[in-house]
Amino acid sequence: MTPAPAKHPPKSSVKETLTQIAIAFAMAFVFRGFVIEAFLIPTGSMAPTLNGAHIRNQAPQSGYRWNVNPRDTSGGPNSEPLSLQGAGQKPLEVHDPMTGELVRRREVPLAWGDRIFVMKYLYSIYDPARFDVIVFKSPLDPTINLIKRLTGLPGDMIAIIDGDIFARHASPGDEKAPNTWVLPGWVCQRKPERAQLAMWQLVFDSRYTPLNPIRDGSTWFRSPWTAGGEDAKAWEIDGRQNYHFGGKGPAVLEWDSVHHPVTDYYAYDEFAGTPPNANFPVSDLRLSTGFRPESANAAVSAVVESRGHEFRADISGSKVTLRMRKLAGPAPAPGEPGTAAPAGEWVTLGQGELPSPLSPDRVTNLDFWHVDQSLSLYSDGRLIAHGEYNWTPEERIVNTFGLSMSQVTSNPACFLASGTAYPNPRARFEFSGGAFTLYRTALSRDIHYQANTYHGDGSGNRHIYEGFPARGTHPASPCNLSPDQFFVCGDNSPLSYDARLWDKPSPWVAPMDPNVGVVNRDLLIGKAFFVYFPAPYREYGVPIPDFGDMRFIW
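The numbers in the working numbering rise by one with no breaks, and the one at position 372 of the sequence shown is 879.
Calculated from the structure, these hints are not laboratory results. We put the CB at the ideal spot given by N, CA and C, even for glycine. Certain hints may be false.
25 Å max Cα-Cα, derived DSS-like pairs, lysine-lysine [what the hints assert, rightly or not]:
id, residue 1, residue 2
1, LYS755, LYS740
2, LYS644, LYS1034
3, LYS644, LYS627
4, LYS1034, LYS627
5, LYS644, LYS1011
6, LYS826, LYS755
7, LYS1011, LYS683
Label-pair ranges, simulated between beta-carbon atoms [claimed, not checked]:
id, residue 1, residue 2, range
8, GLY974, PRO864, 55 to 61 Å
9, GLY824, ASP745, 29 to 35 Å
10, ARG1045, ASP738, 47 to 53 Å
11, PRO990, PRO864, 51 to 57 Å
12, GLY974, PRO1018, 25 to 31 Å
13, LEU690, GLY746, 53 to 59 Å
14, VAL689, LEU647, 29 to 35 Å
Taking the hints into account, I'd like the entire structure generated from these sequences.
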């Protein structure tokens, strides 16, 4: 039988090839224009969630890695950071955020900002959600794209109090109230779990205890966690990553809030200069440790004292209880009549059960959150118990500052913008049941949205409301959003020039929306969702992609 002739694929014409290329380009442009677009982060207003141009650092003693805003620039009104930092006579001097160690460096290559993907808003499918990280056209200059975190939604009234976001949905005529902060319906806005995890700022972790805390015969580093309790000498802390208690107890491990106050300090801002860094004490805290007892009857508590109250998680066996009470009042000065007000009654906010009781056979990782007027206890990454306390703005001001709302409203000079008005929080662990070891003992703080006053833009231009309380940070400067307006803040609050502080909008934007401190819906571009190309490392002048830092944005 004669074999059938082989079939050859039809030849493609030049016309068909060009048509396919044209279709591919058209689809790419449509995809870029309506679905996903790539952007480069230019500045550090969202650091450390997202990095603009920055300097990478690693401390030789602790091994901790962190980024810092550029120091050396080309100079002039539109200065750009130099590609090589610390190349002149003055070396870079940075401080390890974990230990305070001074690190000097020369000729450090500048790392560019994160490159991100942005999912464009398709309003027929989904709308922006609170605490999304969004990209939008700047109301001050629509030729510039900005990236911030969405904190206020259309129709909201927004109040920033003690670093937290409060919101209520406005009813017709509410904006005419003499003080909108006393209206009913205000709720402290709680961040979704993934967003909160991304926004915790590490203050100290025992894993970064320096290799050699003794230099030239003297101790240059001591842990900010200090021993307490009746048997304090039984603690082994200094010079150790894992803390051990060998006594019978009870025992206390307390954060040294005198020498290491918890503030909104950003290591990223070391070269920023202004606005002031580390200005506000922060009371939204996260206490973490891995607990391994040496007996089966151990118990542990994590405690935060702030805002005139004590907040705690008690763990005994497998039982978890979250509770709070009002702290006792201060004792009267010598010679003055009266007695100290007693502590309030305990209020239970939540309960739960660990998957397994505390045991000498394993390390139980405990994670206590006091944040956004709520308490949470996690064990090995799993939520065990959660509870909330729902103070109004007025109650938050009374408990935090000890002042009435009328005292605040009568002070348009805005003492809320002064960090000295805020109480310093205290944090500790309490233990009973004998000896134990702690691993990865850490304290983190939440992002604190600063109260502020309107000021110039740094180029000599005065704000139209110079010296007046920034938007949403005082009853005298209310933030009432229309159905097409949004409110945004930067994660790097001390460095972020955002909706709290913006001046009047550009003449191109004013016909659309003349209001100060808002983002109109028509300026929105989309939601940032993925860092697809972090700044590469450079070894011997060759860029090496940092695939390990590719991440979703929350």
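Tested hints:
no. : hint                         : verdict
1   : LYS755 x LYS740              : holds (11 Å)
2   : LYS644 x LYS1034             : holds (13 Å)
3   : LYS644 x LYS627              : holds (13 Å)
4   : LYS1034 x LYS627             : holds (6 Å)
5   : LYS644 x LYS1011             : holds (15 Å)
6   : LYS826 x LYS755              : holds (22 Å)
7   : LYS1011 x LYS683             : holds (22 Å)
8   : GLY974 x PRO864: 55 to 61 Å  : holds (58 Å)
9   : GLY824 x ASP745: 29 to 35 Å  : holds (31 Å)
10  : ARG1045 x ASP738: 47 to 53 Å : holds (52 Å)
11  : PRO990 x PRO864: 51 to 57 Å  : holds (53 Å)
12  : GLY974 x PRO1018: 25 to 31 Å : holds (28 Å)
13  : LEU690 x GLY746: 53 to 59 Å  : holds (55 Å)
14  : VAL689 x LEU647: 29 to 35 Å  : holds (32 Å)
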